[in-house]
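Take the sequences, apply the hints, and build the full model.
Spelled out, the chains give:
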Amino acid sequence: MRSLWHVAAHDLRQHLSERANIFFLFLMPLGFVFFFSLVNSGGGGSDVAVSLPVIDRDGDFLSEGFIAQLTAERFQSPVYTAAAAETTTFTARHVDIPEGFTARVLGTEPTDITLRATATSNTDYDLAAGVRLHLAQVRFLSNLWRWSSERGDPPLGPSLSPADVDAASRQRFLDLVAEPSRVTVTAENAGTGRPVPRGARQSIPGVLVMFVVMTVLIGGSESLTREKLQGTLRRLATTPLSARQVLLGKTLGLTLLGITQAAVLIVATEVLGRFGVAGTDFLWTPFLVGVLPVLLAYCFCVAALGLLISGLLRTPQQAESLAWLFGLALSALGGSWWPLEIMPDGMRIVGQLLPTGWAMTGLHNVITYGQGLAGAVVPTVMLLLIGGLFWLVGSRTLRVT
Amino acid sequence: MLQVQNLTKTFGEIRAVDGVSFGVEAGRIFGLLGPNGAGKTTTIAMIAGLIPPASGSVHVDGLDLAARPADVKRRLGVVPQEIALYEDLTARENLDFWGGIYGLRGKALAARRDALLDLVGLADRAREPVRNYSGGMKRRLNLALGLVHKPTLILLDEPTVGIDPQARINLLDVVRGLARDGAAVLYTTHYLEEAENLCDELAIMDHGTIHAQGTVESLKAELGEGSVLTLQGAFSREDVAAAVERSTGLRALELDDGRALLNVPRGRAGVGAALEAIYTSGLHLTDVTVKEPNLEDLFLKLTGRELRD
Ligand SMILES: Nc1ncnc2c1ncn2[C@@H]1O[C@H](COP(=O)(O)OP(=O)(O)OP(=O)(O)O)[C@@H](O)[C@H]1O
Ligand SMILES: [Mg+2]
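First to last, the sequence lines map onto chains A and B.
Numbering that gives the first Met the number 0 puts the first sequence at residues 0 to 400.
Numbering that gives the first Met the number 0 puts the second sequence at residues 0 to 308.
Keep in mind the hints are simulated off the structure, nothing from the lab.
Just so it is clear, CB atoms sit at the ideal spot from N, CA and C, and this is done for glycine as well.
One thing to keep in mind: the hints can contain errors.
In silico negatives: residues of chain B with every beta carbon more than 10 Å from chain A [unchecked claim]:
hint	residue
1	Thr9
2	Phe21
3	Lys72
4	Asp113
5	Asn131
6	Asn196
7	Val215
8	Leu274
9	Leu282
10	Thr285
11	Asn293
12	Lys300
What the simulated footprint calls covered on chain A by chain B, stretch by stretch (three residues with Cβ under 8 Å from a Cβ of chain B suffice, anywhere in the stretch; the number is not a length) [stated by the list, open to error]:
hint	segment
13	142-152
14	223-231
15	295-309
This is the structure we're talking about:
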C-alpha cells in the first residue's frame, strides 16, 4: 500500500513539474472561467437585445407599428426598404414584411410575416428569439384589437382600407404599441421544466469538469504510453508490486492529478467570487459537502479512462491526440460548455450517460438546485460504476509486462 | 538460492523456453550463454514474475514464486536488457524513486544511493537528467537501479551491451563484487569471453533448451583433451567421416558438408599425425586451423552453428 502511494506521489510530482502542465493546470482554466461567465450570462437569457433586421416592403403605419412592437420586445431591428434589401446580404435570420401588409390586415385578409433563418443561426438562440417573436405578434394583435374597439369599429367587422384611417388614428395605434405592456412573460427554453443553470453557476462547474478531464486524459495517457515505451512500467512489475498494483498506483496518481486540477479551480474561483472579480459572486463554500464526493468520483472515473486510452495506443503522440479528442468531445457532450438542458433530446440523453454528464448533473443538483448531499448520491455512484468499468477494461488493454 | 525446474513458455508456434532447469547458489555467478532468440530474456522474465510460465516452477530461497510472488520479488534485483529509466529525472532521483518502492527512506536511502553512484561511476553526473547521458552511462544506471535494495538474487540480462571496454571491465568487477558479498547472480550473455571469465557455472542455451551445463572446465572437457582442428573446404560430410575413420586418434566433434570440427589428442605428434592423415586422404581443403578448445567450439558442437551469426 505504501509503495502504491509512493508510485502515485511520484507520478503527481512528475506531472506538476512539467511546464506544459502548469499552463493547463493554472493559467488556461482561469481564462476559460472569464470567457464562459460572459457567454453563459448572454445567450439563452431573456434580457439581452437580439438582433433581428426587418425588411419593410409595406411602409405603412401597421408595419411601422409591428417594428415598434419588436423593439418593445427588445429586438434590435434595423429597417430595410424593399430597395435597400435588394442590395443587402443577410447573414443572420431576419423578418420580411410583405407589400400591402397594412391594407391586408385592415381588410381582415390573411397575411404572412416571414421569419427567414440562415444556415448560421444557432438553435438555442433561435428558440429564445422565437418565443419573443411570438410574444411580439400576440401583443401586436392585441393592440390592433384595442385600437379597433377604441375606434368603435364593430368586432371582426367591416374591412377598412388604409385611406379610411386618419393621421390621429394612426398615431393612436403607435402610442398603444409604445405603452408598457401590462403582463410580462419571461421565456426560458428549459428542456426539463427546471430552471437552466446559468451564468457562473454553469460556467464555473463547467470549466472545472472540462479541465479535469482534459488534464487527466492528456497528461495521463501521454505519461502512461511513455512509460510503456521506455520500459519503466514493466520494470515496476519486477518490484514486489503486482501488475495490478502498478496500474492501481498509476490510476491513483492520475486521480490525484485530477483532484489537484479541481482544487486549483475551486480555490481560484472562490477568490474571484469573494472579491467579485469579473462580476462573479459564485462561492463554492456553501456547497462543498455535496460537491466533494461528486468530484472525487469524477476524478477517479477520468483517471480510469486515461488508463483505457493508454492501453489502446502505442506512442505518446497518438495517445495525446486521442486524449484531446476524447476530452473535448466529453466536455461538449457532457454539458460543460453549455447546459445539457438546452441541448436537443438525443444529445441530452447521450450526454447524461457520460462521466462529464454525471459530474455536471451532480454539481448542478448541489449548486443550482440546492439538493445538498442527497443530490450528489446518484451521480457519485454512477461515476464510480462507470470508472470501475473503465478500469476493468483499461487494466486488460494496458499491458504492464 | 534459485531453483528453476522445467520452465516452459510458448508464444504461439514458438517454443521460446522449453523445459529449462538449473540452480544458482548464493555467492555464485551462473551464466546463461546463447545467441539471439535463444530464450534467455524469456527465462529471466519468468523468474522475475513478469510472465507466467506455461509449466514448471521457480523457487527463490525455498519460496515458490507462483504462491508468494511479492515475497520472492522482494529478494530479486532485475536488470532488464532494454534500458528502463525515467529520462526526465536525474540519476539520483531515479535511484530515490526505485529505492522508495522497496521502502527505503531518508538516510538509509541517501547512503545507498551515493554508494551505488560511486559503484557505477556516475557520481559526478548524478544531478543531470538521464536524457543527457550516453548509452553506456544509461546502461550503468540501469544496473544500479536493480541493486538499490540489496537483493539476494540478481538477474542481469546482457548488462554489458553497448558499453566501452573499460566500463565493461569495471562492470564485470562490480558483478564479481556482488557475488563475493553473497548474492546469487544469474547472468545472460552472448559474449563467450565474458561467460568464460566471469561465470562459476554456465548453461549453453539455444532454441529454448539447455544443451550443456557445468563449470567452464567441465564443459571444455566435453571437447576432450587436446586441441581442436577445424577444416574447411569443398568436401562432403561422408568424405571427411571416412578420413577420420582411417586416422589414428582423431575424433569427430562436428561434421558437415564443407566444414569439420575434430579433436586431436595432446602432444606435437598428435597434431602432426592428424595433419598427415588429412593430407593423405585427398580432401580438398581451403582452410585448416589448430587451436586450444574454447566454448565457441563447444557451442558449435552442441548446436551446429556459430554463437554469433
Ligand atoms: N512477447 C513475445 N511474443 C512473441 N514471441 C516472443 C515474445 N518474446 C519473445 N519471443 C520469442 O521467443 C524467442 C526467445 O526470445 P528471447 O527474447 O527470450 O531471446 P534472447 O535469448 O533473450 O535473445 P537476445 O539475445 O536477442 O536478447 C524468440 O524467438 C522471440 O522471437
Ligand atoms: Mg534477450
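Structure-based check of each hint:
no. : hint    : result
1   : Thr9    : 16 Å, holds
2   : Phe21   : 20 Å, holds
3   : Lys72   : 5 Å, violated
4   : Asp113  : 20 Å, holds
5   : Asn131  : 15 Å, holds
6   : Asn196  : 27 Å, holds
7   : Val215  : 29 Å, holds
8   : Leu274  : 53 Å, holds
9   : Leu282  : 52 Å, holds
10  : Thr285  : 46 Å, holds
11  : Asn293  : 34 Å, holds
12  : Lys300  : 35 Å, holds
13  : 142-152 : violated (count 0)
14  : 223-231 : holds (count 3)
15  : 295-309 : violated (count 0)
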